[in-house]
Amino acid sequence: METFLQQLINGLTIGGFYAVVALGYTMVYGVLKLINFAHGDMFMWGTLAGWGLLTTVLAGLTDMDLVAILVTAVLVMAFIGMMGMTIERVAYRPLRSAGRLSPIISALGAAFALQSVARNVSHARWRTYPQGLLKGLPTLRLTDEVAVSGLQILMLVICAAIMIGLYLFVQRTRVGTAMRAVSLDHNVSRLMGINVNRIISIVFFIGPALGGLAGLLIGIYYGSFNFTLGWVFGLKAFIAAILGGIGNIPGAVLGGFILGISETMVVAYGPDIGLANASAWKDAIAYVLLIAILIARPTGILGETVAEKV
Amino acid sequence: MNQSLTRLVRPWMWQLLLVLLVLALPAMPFMDRSRTSLAVLAGIYVMLGLSLNLIVGYAGLFQLGHAAFFGLGAYTAAILSIERNITILATIPIAALVAGGAAILISKPILHLRGDYLCIVTIAFGEIFRIGVTNNAFGITGGANGLFGAGRPELPLPWLEPVPALVLALVLALHVFLARKSGYLLRWGGAVVIAAGYYLPPLALDHKPLFLISIVMAVGVVVLGAVLRDHKVSARGQMLALVAVVIVCGLIMAAGADSLVTEIEGNLDKYFRVEDPVKVLGVELTPVVFKRDARPYYYLVLAFILVTVIGMRRLQYSRLGRAWLYVREDQLAAEAMGIDTTQVKLAAFAIGSAAAGVAGVLYASRFTVVAPESFNFLQSVIMFCIVVLGGSGSIPGILVGTLGMVVLPELLRDVGPTFLYKGINPVVILAVLLGGYLYGARHRLSGATVESGAIAGAFVLPPLLLGEPALSVIGMLMVLVAIIAIPLVRRRLDNALPWVAGAMALYAVVMLVIGKGLGPAVEREISAFRIMDWRDGLMGVAMVVMMVLRPAGIIPERRRGIVVSAVAEANASPQAT
Amino acid sequence: MALLELRNVSTYYGNIRTLKDISLQVEAGQIVTLIGANGAGKTTTLRTISGLLRPRTGEIIFDGTPIHLLPAHQIVYLGLTQAPEGRQIFPTLTVQENLNMGAYSLGNNRASIEANRSRVYDLFPRLAGRKRQLGGTLSGGEQQMLSIGRALMASPKLLMLDEPSLGLAPLLVKAIFETIQAINEQGVTVLLVEQNARAALRLADYGYVLETGTLALEGPASELLHAPRVRQAYLGEA
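These protein sequences, in sequence, are chains A, B and C. Everything in the first sequence is counted per the working numbering, starting at 1 for the first residue and increasing by one. Everything in the second sequence is counted per the working numbering, starting at 1 for the first residue and increasing by one. Everything in the third sequence is counted per the working numbering, starting at 1 for the first residue and increasing by one.
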């Protein structure tokens with residue numbers, strides 16, 4: 001029971017990261033019906049940029065962890081957000097009316113380019129974040145054996161804040177409602193006076209900025225990373241978005257947590273139920289889950305059934 | 001004059017020229033060992049492109065996990081060859097069945113998914129396959145290292161009976177089938193001519209190895225006939241071509257019998273290992289096994305490509321092919337017309353995957369090592385790009401796509417760091433860049449020409465005057481910035497020419513002032529630059545640029561039917577903003 | 001001077017010219033109707049005016065400003081809105097949110113948004129009771145009301161309506177047309193596209209008849225109502 005609780009908490013933390021990255025996929029898919037394959041690599045760029053800032057410019061500030069991290073977070077979000085807007089402008093906007101195959105290639109191309117630059121910037125090596133960031137946080141002992149580290153609590157709180165904040169933004173504000181309108185119909189939105197291009201730009205700022213923040217957090221949480229982080233993690237986050245039903249925010253969150261918890265649980269309890277090397281198969285869990293859920297519910301758990309317009 | 005020329009040069013002549021070029025490619029002086037090897041690899045990718053084109057191009061289904069079926073074929077062949085000792089080309093039907101069957105099993109429950117969902121699920125299957133073979137699923141895949149020691153292709157020695165007779169029978173059957181609408185003379189008379197031209201020279205000259213030339217001749221005649229028929233050359237013309245080829249081949253054999261035989265036997269030892277005769281179904285055959293050299297593989301793969309292309313074209317115009325077209329363009333309408341869309345899509349997946357499995361066998365037999373990373377997601381993306389970049393649905397597009405996605409990145413290996421500014425390369429690059437710019441500005445050619453002149457001047461002068469060729473690399477960046485910036489500036493200014501000229505003059509002056517010191521610095525930086533580190537990134541940028549410039553691919557499919565194109569145009573109608 | 005003027009406008013889908021040299025005028029304060037059969041180019045005309053399609057040749061002047069080169073969303077800011085064909089409300093947004101989107105061009109001007117909203121709820125009391133209901137769950141008539149109401153939220157000078165009677169029961173059609181009259185009396189100029197020629201011409205001050213992309217006929221609505229060609233082709237009289 002104790003380990004179960006411990007694993008649940010670990011799973012929730014990972015799930016929170018999946019969920020935040022999934023938000024970016026889901027928002028972009030909502031307004032453009034495009035799988036933004038570059039999103040995972042922008043997330044990785046968040047980790048990379050955060051590492052760059054914390055180990056060079058802000059290295060002297062590590063005495064004041066929190067200040068350094070806050071400054072880094074703001075800079076990383078701004079940088080990755082701009083990166084997202086640029087990619088939309090260069091690689092996606094010219095292809096708006098070009099059918100469904102070409103944007104996929106363009107998105108994959110953007111992903112390759114981002115990954116390649118990251119590989120060269122990091123010299124294709126594993127990189128480590130400064131030791132002991134935020135280690136001063138108190139640990140919460142639930143029982144003798146179950147402990148939640150302060151870092152985990154902080155991560156969960158931040159992820160939860162992001163999700164709730166974004167949900168409120170999309171539901172309550174004028175621009176957020178316009179995003180939902182744009183995701184329903186570009187032309188009708190234009191007739192309302194909505195500048196569709198600007199709304200899409202905003203989406204391509206917010207999504208990657210949040211993804212970049214998640215990248216920074218994951219860098220702090222795990223301590224080390226390399227340039228391939230974005231692809232696998234991004235793909236899984238996208239699967240999380242689909243699990244929940246792509247295009248809607250609660251769905252992305254639900255999918256993220258389901259995926260995070262399933263992964264942790266299978267790795268923890270796999271050997272007990274006959275999966276000897278469950279951890280080697282860890283990456284396959286997301287895919288199996290995806291296929292199982294899509295066969296049962298073709299538009300995801302919270303997705304609405306929409307007749308396809310071919 | 002011009003008109004008579006175009007009447008003389010028929011389209012089929014271009015095709016024929018291309019075919020001859022492809023056939024002669026391994027004999028070209030620049031085709032060293034590694035490049036021939038690359039050509040074989042490219043051929044395998046062409047096979048993969050053709051097979052995926054069926055799924056993506058014809059049926060309009062997303063498939064980003066095609067590498068898994070390629071891998072299934074390769075693993076099947078390797079396992080059967082290593083464990084059961086089956087000669088590798090004989091595993092082709094089994095590999096095709098395994099890949100096709102797996103495709104049916106896997107895609108059946110997911111075919112109803114909408115486009116993007118299908119895309120992600122195919123990625124998932126591809127990844128599960130990769131993870132599975134890496135973890136040595138069922139204990140037969142060799143884990144992360146893969147399997148070693150798959151067999152090389154074995155063929156029977158072609159000039160020992162009964163092989164010549166069997167081949168002739170096959171060729172004649174094909175000829176009679178293909179010429180079934182071309183009249184008795186061509187159909188049966190042609191068959192007699194082929195048979196005579198096939199058997200007479202080797203027997204009369206008493207040199208059995210000459211049967212090799214007979215076989216090439218016979219196959220060539222049938223293919224030539226198919227091409228000519230495709231281009232509506234008259235039956236008399238076809239007959240004439242047939243007789244001419246047969247006579248020329250006969251004369252060649254008669255004139256150079258001895259030297260030809262020495263040549264053939266010499267090459268046999270160079271490229272093949274002749275083994276002891278074996279009995280297959282009561283017939284004695286002498287196996288010849290491929291050695292490592294790439295040339296025989298080249299022709300083997302070419303033969304498979306040929307068969308695949310013919311098969312694909314026949315499929316495309318069949319009842320099933322038309323059904324794919326309807327499903328791709330409008331699934332609802334197709335259903336309303338009584339097409340069973342699920343069956344039709346399933347057929348596309350099954351046939352395409354089976355063909356990928358065959359490509360996998362070729363891969364396993366060429367490299368004899370089969371390992372997980374050859375079938376990862378990147379490979380699936382490359383295959384997808386081959387189809388879409390070249391022009392989804394178009395067979396020439398696949399050739400172009402393979403050149404761009406497979407051949408070009410490999411050739412980059414040969415590009416040294418100084419390539420950019422060696423010899424006349426800068427001028428060539430400048431010409432390409434400015435040519436592209438002029439093409440883009442062809443509606444105002446005179447103005448753009450003057451601008452190009454200014455750009456070219458600013459590009460050429462500093463390196464030339466200072467004797468620092470490395471400066472042209474900075475110049476290339478400048479040209480790129482200029483051709484992107486000028487259209488933006490022109491939107492705001494009525495007369496941008498003085499500004500362009502001024503900027504170019506400024507650039508030239510600045511370069512002339514600081515160039516002496518800058519040149520060596522640039523040279524130092526560039527020699528530290530390793531292009532292979534950036535290969536994926538360059539490929540990515542190229543993918544974005546190509547799609548933005550030509551969203552429908554480099555050689556788009558010729559749309560069939562006026563309605564379809566009208567619908568496509570209406571969908572792409574100009575929209576505000 | 002006319003509030004809206006089209007001068008020799010031609011619009012293409014690909015290479016197919018769907019509008020051929022259309023010239024028409026809408027005077028301020030009037031109800032002008034554009035009638036014609038299916039596929040005559042009525043909706044294309046409206047989409048060209050509102051900026052969703054670009055004319056290849058010709059000019060469109062609204063309130064003294066050339067608008068044929070403006071992006072669609074900026075045209076709304078000038079006071080020209082449209083209730084599109086088939087209603088096209090946002091199905092997963094609530095009634096209130098739909099209306100708020102209609103007022104997008106007013107920015108954060110809460111006072112006028114509030115005023116417009118109460119004007120719409122006065123015109124369509126049935127919407128007032130369904131503020132929190134999702135647009136997609138409304139009946140066809142209610143959706144049409146919402147679509148018109150949404151177009152009114154931007155305080156337009158000119159309101160373009162594309163087939164407001166489409167698919168509605170006769171009683172509802174009558175109600176909708178009365179509301180259009182009321183809207184016009186509040187000072188909003190109306191350009192009404194209709195297949196229901198009789199009702200449209202009875203309501204309108206001036207009318208244009210569109211046939212396969214060209215203007216076939218124009219005149220005061222009362223005259224058109226009695227023109228033999230219109231009676232024969234559009235009013236179903238021998």
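It is worth saying that the hints were derived from the structure and are not from the lab. These figures come from a predicted structure and were not determined experimentally. There may be inaccurate statements among the hints.
No more than 35 Å apart at the CA atoms, straight line, and that leaves these computed lysine-lysine pairs for DSBU-like [what the hints assert, rightly or not]:
#: 1; chain 1: C; residue 1: K20; chain 2: C; residue 2: K157
#: 2; chain 1: A; residue 1: K33; chain 2: C; residue 2: K174
#: 3; chain 1: C; residue 1: K131; chain 2: C; residue 2: K174
#: 4; chain 1: A; residue 1: K33; chain 2: B; residue 2: K279
#: 5; chain 1: B; residue 1: K208; chain 2: B; residue 2: K279
#: 6; chain 1: B; residue 1: K108; chain 2: B; residue 2: K208
#: 7; chain 1: B; residue 1: K108; chain 2: A; residue 2: K282
#: 8; chain 1: C; residue 1: K157; chain 2: C; residue 2: K174
#: 9; chain 1: C; residue 1: K131; chain 2: C; residue 2: K20
Chain C is faced by these chain A residues, among others (derived, beta-carbon under 8 Å) [claimed, not checked]:
#: 10; residue: V121
#: 11; residue: S122
#: 12; residue: R141
#: 13; residue: L142
#: 14; residue: D144
#: 15; residue: S149
#: 16; residue: Q152
#: 17; residue: A178
#: 18; residue: A181
#: 19; residue: V188
#: 20; residue: R190
#: 21; residue: M192
#: 22; residue: G193
#: 23; residue: I194
Even for Gly, the Cβ is constructed at its ideal location relative to N, Cα and C.
Results for each hint:
1. Distance check on the hinted pair: C/K20 and C/K157 sit about 27 Å apart at the alpha-carbon level, within 35 Å; holds.
2. For the hint linking A/K33 to C/K174, the alpha-carbon distance of about 40 Å lies beyond 35 Å, and the restraint is violated.
3. The straight-line distance between the Cα atoms of C/K131 and C/K174 is roughly 24 Å, inside the 35 Å bound, and the hint therefore holds.
4. At roughly 61 Å between alpha-carbon atoms, A/K33 and B/K279 are farther apart than 35 Å, so this suggested pair is violated.
5. Using a Cα cut-off of 35 Å, the hinted pair B/K208 and B/K279 holds, with the two alpha carbons roughly 21 Å apart.
6. Proximity of B/K108 to B/K208 is assessed by CA-CA distance (about 52 Å); at most 35 Å being required, the pair is judged violated.
7. Proximity of B/K108 to A/K282 is assessed by CA-CA distance (about 26 Å); at most 35 Å being required, the pair is judged to hold.
8. Taking the CA atoms of C/K157 and C/K174, the gap is about 24 Å. The hint holds against a cut of 35 Å.
9. In summary, the hint linking C/K131 to C/K20 is not supported, as the alpha carbons are separated by about 43 Å, beyond the 35 Å threshold.
10. Because the beta carbon of A/V121 sits about 38 Å from the nearest beta carbon in chain C, more than 8 Å, this interface hint is broken.
11. The criterion of a C-beta within 8 Å of any C-beta in chain C is not met by A/S122, whose closest approach is roughly 42 Å, and the hint is violated.
12. Proximity of A/R141 to chain C is violated relative to the hint, the smallest CB-CB distance being about 45 Å (cut-off 8 Å).
13. Here the hint on A/L142 is broken, as its CB sits about 41 Å from the closest CB of chain C, past 8 Å.
14. Interface hint at A/D144: violated, since its Cβ lies 49 Å from the closest Cβ of chain C, which is beyond the 8 Å cut-off.
15. Taking 8 Å as the C-beta cut-off, the interface hint given for A/S149 is violated, the closest approach to chain C being about 40 Å.
16. Interface restraint check: A/Q152 against chain C, minimum CB-CB distance 35 Å, threshold 8 Å, status violated.
17. Look at A/A178: its Cβ gets to within about 6 Å of chain C, closer than 8 Å, so that hint holds up.
18. Because the beta carbon of A/A181 sits about 5 Å from the nearest beta carbon in chain C, less than 8 Å, this interface hint is met.
19. Annotation: interface hint on A/V188 holds; nearest CB of chain C at approximately 5 Å, less than 8 Å.
20. A least Cβ separation of about 4 Å between A/R190 and chain C falls short of the 8 Å threshold, and the interface hint therefore holds.
21. The closest approach between the C-beta of A/M192 and any C-beta of chain C is roughly 5 Å, which is under the 8 Å cut-off, so the hint is satisfied.
22. Taken as an interface hint, A/G193 checks out: its beta carbon lies about 3 Å from the nearest beta carbon of chain C, inside 8 Å.
23. The interface hint given for A/I194 holds, since its Cβ lies 5 Å from the closest Cβ of chain C, which is under the 8 Å cut-off.
Hint check: violations occur at hints 2, 4, 6, 9, 10, 11, 12, 13, 14, 15 and 16; the rest are consistent with the structure.
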